[in-house]
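Number of protein chains: 2
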Amino acid sequence: MKWFELPHQLTYYECDPQGNLQLGMLFNLGVLAAEIENQGTGVGLGAANQLGGGWVVVNYAGTFDLTHFHAGDQIVVATRVKAFNKFFSLREFSIRDHTGHEWVHYEATFVFMDLVKRRIMTIPPVLIEQYDLAPVKRIPRVPAPSDLVVDDTWQQHQYDVRYFDIDMNGHVNNSHYFDWMLEALGAEFLQTHQLTGVKIQFDHEVRYGQRVTSQAKVADLVTYHQIKTADQGAARAELTWVTVGK
Amino acid sequence: MKWFELPHQLTYYECDPQGNLQLGMLFNLGVLAAEIENQGTGVGLGAANQLGGGWVVVNYAGTFDLTHFHAGDQIVVATRVKAFNKFFSLREFSIRDHTGHEWVHYEATFVFMDLVKRRIMTIPPVLIEQYDLAPVKRIPRVPAPSDLVVDDTWQQHQYDVRYFDIDMNGHVNNSHYFDWMLEALGAEFLQTHQLTGVKIQFDHEVRYGQRVTSQAKVADLVTYHQIKTADQGAARAELTWVTVGK
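Residue numbers (UniProt numbering), protein chains in the order written: chain A, 1 to 246; chain B, 1 to 246.
Warning: the hint list may mix true and false statements.
One copy or two, either will do: identical chains are not told apart, so a pair holds if it fits within one copy or between any two.
[To be verified] Pairs of lysine to any residue residues, derived as SDA-like cross-links and limited to a Cα-Cα distance of at most 25 Å, are as follows:
#, residue 1, residue 2
1, Lys117, Glu188
2, Lys2, Thr153
3, Lys228, Arg211
4, Lys228, Ala83
5, Lys228, Glu92
6, Lys82, Leu148
It should be emphasised that the hints constitute simulated quantities derived from the structure, not laboratory data.
Bound conformation, chain A alone (with noise of 0.2 Å):
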């Protein structure tokens, strides 16, 4: 499969403080482009939401280096469909700087919702068919955060769901579940050390209304997560990182 590239300079509201992208505002940029793909051959946003579903994020695995991303940056975010079934859509992205080096890299798996029943249903034909690929039976597996038991040694912290965290899906936009994590880290954290890697497994959408709890441990260079509402884990996400001066 070819890649698709969208070319995108970056803004300063899409950086951290420290004016490097923002890790939720990259995965932003990642959808985005498989947006603006599948509108290009006729399966957009408005095709999904008429045969009642959207797409919705699974997990998400790679490498990151976003200290090579600045507010002002020309940046391509490119983004291809690997493999697919009948549940299943495997996506990876690829960011690169204005010279074509690539900084960031990692695999998405994406399944449509009934965006009435709130449950995953077979993708839509019609949205799929457009790739110039034969659908596998098992998918490939995107590596998936360690399993861990949260205890007393893990931090807390506590967010109400805000109308604006609401996606045109109806739920908490993934990209969010990436401030409460990094929030969790406290910025002493965040200023001294820079990601380098990222796994994440969505379990359970969040809804308006909700108050979820951001847990983590920090393991010297290995940060664990997990979202949970008051019923249910949302999310897991285990994150490697490098220290750096401040």
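For this one, chain A is given, so just place chain B on it according to the hints.
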């Protein structure tokens, strides 16, 4: 003065759950256009920071109809300096759809803040000489929100400032004040009302680690807002609305 025009394709993450441009994002886009205009004349963010400061917004006022700007739309964000003196720069903003029709028009007063001393400094002449304008004695006044006394009938919500609320000026980016203000109105109000006017005054900066209280009063089709920290008022606003179907 000639308008500087920034063409921009709206992304889904700049829009609200209903798919219209978000108010906070609109102000981000305005500042972005001003920055890109400054950059084009060689006095962008880098030049400002080398002079030890950054542009900070003191107030906004204008008329707004955000329902004509949707995810995917090609829009134009236009801005120009209208007047300036030693301490203030008055900018005008016009947001237009792809046909050139203006749906949003507002003005903003900017000051230049010393980023170490955290106080207003005189505007370095090099940053303003570029504009083909003579300085004026008195800057035209941007309409201010009404002075109101907050009492027990006002709703109150508390928010902790998040690391990613902070911008490169080291304080909460003013677009987040709108999230706090609108959030206090609740989804029901936001889904049944459409914004027509904004007057907002930023009195004091808010920093990382602070907790803010967002106070709001709904008086039919006008809402009054105050954001305060533990020790002082940070911003006041008056918004006007019309009712719409859900």
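Hints, one by one, checked against the model:
1. Lys117 x Glu188: between (42 Å within a copy, 22 Å between copies)
2. Lys2 x Thr153: neither (46 Å within a copy, 60 Å between copies)
3. Lys228 x Arg211: The answer is both: 9 Å in one copy and 23 Å across copies each meet 25 Å.
4. Lys228 x Ala83: neither (30 Å within a copy, 51 Å between copies)
5. Lys228 x Glu92: neither (27 Å within a copy, 44 Å between copies)
6. Lys82 x Leu148: neither (30 Å within a copy, 58 Å between copies)
When the structure is compared with the earlier hints, violations turn up for hints 2, 4, 5, 6 and for no others.
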